[in-house]
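Student: Residue strings, one per chain:
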Amino acid sequence: MTHALLAATPLWMPSAADLQRLGPLWSLAGTIVAVLFAALLVGRNYRVAGAIATLGGVFTATLCWRGITGGAVPFAGLAPEAAAPMLVVDQFSCFFIFLISVFLVLVTGMWFMGLDAGVPDEAARRRDAVEFFVLFVGSAFGMALMVSTSNLLMIILAVESASLPSYGLAGFRKKHRPAAEASLKYILFGAVTSAISVYGASLLYGQFHTLDLMKISTAIGSQGISVLTGVGLFAFLIGVAFKVSAVPFHFWCPDVFEGASIEITTWLSVASKAAGLGLMLRIMWLLSCTVQSADAMRWVAHAVAIMAAITCTVGNFSAFRQTNLKRLLAFSSIAHAGYMLMAVSIIWQPRESAAGMPHPASSAVIAYMIVYLLMNLAAFGVVAMVYWSTGRETMDAFNGLGWRNPLLGVVMATCLFSLVGLPPLGGFITKYYLLIALYDASLIWLIFVAVFNTLLSLYYYARIAYAMYFVQSDEAPVRAPAMGQFAVLMCAAAIVLSGTFYAGKLKSFSDQRSRDMYGAMQPTGLRVAERPTADSMH
Amino acid sequence: MEYSNNLVIGLLIFVVAGIAMSFGALLIGHLIRTKLPHPEKAAAYECGEPAIGPGWVQFDLRFYVVALVFLIFDIEVALFYPWAVVYKEAGIAALWDMLVFFGVIVVGYLYLWRFGYLDWVRATGLHDKRSTVRRDDALGRAARQWM
Chain A
1 MTHALLAATP LWMPSAADLQ RLGPLWSLAG TIVAVLFAAL LVGRNYRVAG AIATLGGVFT
61 ATLCWRGITG GAVPFAGLAP EAAAPMLVVD QFSCFFIFLI SVFLVLVTGM WFMGLDAGVP
121 DEAARRRDAV EFFVLFVGSA FGMALMVSTS NLLMIILAVE SASLPSYGLA GFRKKHRPAA
181 EASLKYILFG AVTSAISVYG ASLLYGQFHT LDLMKISTAI GSQGISVLTG VGLFAFLIGV
241 AFKVSAVPFH FWCPDVFEGA SIEITTWLSV ASKAAGLGLM LRIMWLLSCT VQSADAMRWV
301 AHAVAIMAAI TCTVGNFSAF RQTNLKRLLA FSSIAHAGYM LMAVSIIWQP RESAAGMPHP
361 ASSAVIAYMI VYLLMNLAAF GVVAMVYWST GRETMDAFNG LGWRNPLLGV VMATCLFSLV
421 GLPPLGGFIT KYYLLIALYD ASLIWLIFVA VFNTLLSLYY YARIAYAMYF VQSDEAPVRA
481 PAMGQFAVLM CAAAIVLSGT FYAGKLKSFS DQRSRDMYGA MQPTGLRVAE RPTADSMH
Chain B
1 MEYSNNLVIG LLIFVVAGIA MSFGALLIGH LIRTKLPHPE KAAAYECGEP AIGPGWVQFD
61 LRFYVVALVF LIFDIEVALF YPWAVVYKEA GIAALWDMLV FFGVIVVGYL YLWRFGYLDW
121 VRATGLHDKR STVRRDDALG RAARQWM
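Each protein sequence line maps, in turn, to chains A and B. Counting from 1, position 256 in the first sequence corresponds to residue 256 in this note's numbering; the numbering is continuous, with no gaps. Counting from 1, position 64 in the second sequence corresponds to residue 64 in this note's numbering; the numbering is continuous, with no gaps.
Calculated directly from the structure, the hints in this document are not laboratory data. Remember, it's a predicted structure, so these values are computed and weren't measured experimentally. The C-beta atom is built at its ideal place from N, Cα and C for all residues, glycine as well. Not one of these hints is a red herring.
Here are a few chain A residues that face chain B, going by a calculated C-beta distance under 10 Å:
no., residue
1, Ala29
2, Ile32
3, Ala39
4, Arg44
5, Val231
Label pairs and their in silico Cβ distance ranges:
no., chain 1, residue 1, chain 2, residue 2, range
6, A, Asp116, B, Ile19, 54 to 60 Å
7, A, Gln20, B, Pro82, 24 to 30 Å
8, B, Met21, A, Ser442, 47 to 53 Å
9, B, Ile19, A, Asp396, 45 to 51 Å
10, B, Trp113, A, Pro120, 28 to 34 Å
Which residues of chain B face chain A? A partial, calculated answer using Cβ under 10 Å:
no., residue
11, Val8
12, Leu11
13, Ala90
14, Gly91
15, Ala94
16, Asp97
Modelling step: build the complete structure from the supplied sequences, incorporating the hints.
Tutor: What follows is the structure, given as C-alpha cells:
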C-alpha cells in the first residue's frame, strides 16, 4: 500500500540551486553549529565563541547585501508545490535578515565591551559564553525565518524558534532574581500566546484546507470573511502581536527588558520587533492580495489600526512614571511598535498605480526600522556605559551626565529627541514618512493619535535630557570604553545625517526594498500585476 | 453566514462545556463525598509510602538534561523512520540531507559529552577559575591532540 502511494507521487527534493538561494538562513544556522563545534575543539573560550558569532553575522549580512543590491532573484520555494512555498527569499526578507545580522554583530561587540566593564557576573559571562552565543544566534535564526515565510506552519515554527532562545537569554543571569522572574513571565506569556496562535492556525486550516497564506487569501476573496475566519485570523495574529509587544500582549516586555542583561535588552528591543513587524507586514499584505480579499481584509486592518493606536498610547502613558531607564525604554519601544503597526494597518490598501510602485506602508516601516535600530542601539549603549561606570540604571545615575561625560550626554540627547521625532533628526523624517503614508490612506484619526502620542512622549524623553543637563550632581565623571563611545557617536551621527542630507537616500532605499518586496509572488498563482490598483477598487 | 453562526454556537458550547465539566466534577465531588479528615489524607501521595519531606523540593537539574537529551534523540528517530522508507527513491541527495541533520545533532551530543553533562557525578571543573574543563575525558584529550 505504502509503495503504491509512493509510486503515484514522485518524491520531491529541493534542487541545489534552490538551497543556494537560502544562503543567509544556512549561514545563520551554520554559525550556531560552528560555535558549538569550536567549543568541542578549544573548550570554553569566550573569544572564539564571540568571534565565530561575529563572523557568522558578517557573512550573513554580506550574503543579504548581495541579495539586496543584486536585486535578489525573488524566489519562493522549498516546497513540492511552487504555488505554496514554505520559505520565501526576496528583497524584503533579505533586507530584514540584513538588519538582524548587522545588529547581531553590533550587540556582540557590546557584549565584549561589557566583559571588561567590571559588572558583578563577569566570570559567569566568560564561562557561559558558548551557551550564550548559541542561544543568541539561535534567536537570530528564528527571527530570520520569521521574515522569510508565508506558510502558517512555518510562521509558528519560526516564532517559536525565535522565542525559545530568547526565554533562555532573558534569564541568562542565573543568580539574578529579576532575570529569573523576567524569564518565567516571558515563557508563560509566550506559551499562552503561541497556543492561541496555533489554535487560530488550526481554525484557518480547517476552513480553507491549506496553510499557505496566498491560497487562504484567494479563498477569503471568494468567500468573504466569515466569523470563524475572523476568529482564526485574530487568534493567529496574537502570536505575532506578542513578538511585536503590541498592547495587550506587551506585559512581558518591561519586565524582560528590566531583568535581562543590557545586551539582551538591546537585542530584543530591535531584532524581535523588526522580525515581528516584517512578518506582520507580509501576512497582512499576502492576505489582501486580490481585489476581493483586500476588500474583505478591511475589517482586520481596522482592528490592527485600533490595536496600533492603543499600543502607542498605553506605551507612552506607562513610560511616564518609570525611573529605571531600561524599563522606560521598554515602554518607549512599545510605543514605537505602535507607530510601526499603524503602517501595517494600511498595507491592505491598493497602491496608486500598478506594479513597480512601492507601497508607502512597507516603505515607511523599512525607513523607520533603520533609524529605530540606530536610535535604540545608541540609547541602550549609553545606558550600558553609564551602568558599567556607576552600577545603576536608574534616572538618578543620569543626573548631570551632560557634564560628567559630555560626549555620552550629547549622544543620548540626540537619541532622545530623535525618539520623540523632532527635526532635523532621523526620527522626525521617518515619522513624517509614516504620517504621509497614513494621510495617503486617509486614516486621519490615526494621524491625530500619532501626533498626540508624539507630544506625550516628549515629556518623558525630555525628562531624561533635563536630568542630564539641569540637575546638579557631584558624582564622578562617567568613564566609558573608547570603542563604545565611538560606536554610539557614529550612531548619533547617522541619526543626524539620515534626518538631513541622507533623508532622500533613506527614502529611495526603503522604496526600493519594498518595491521588490513581494516579487516572490511571481512563481505562485498570482502575478504582482494582478495586485489591485486604486482604480479597480472603486 | 449560517455556517459560521453554527460554528460560533459550536465554539461557545465547546468553551462552556469545557468549563462546566472541569468545575462540575469538583463541585459534585464537594457536595456528595463524605468528609472524614485525617492527617494522612492531607499528606503528599508517594505511592503509598510514608511521605518524606515536603513536595516542593528543587529537583536536580540533571534530570532535565537527561530528559532533554532523550527527547532530542527520540525525535531524531521519529524523523529517521520516514526517511528510511523513501530512501531508495530519493537517492543520494536524501543521504546528504540526513547527514546534515544528523551532523547537527551529533555536534550537540558531543558538546554534552565534552563538557560532562552525561556524567551523573558532575565534576566541578566548570567552576574553576580558568573557566575551562580541566578534567580529561577521552574526547577532550583527543580534541587537544588534534589541535
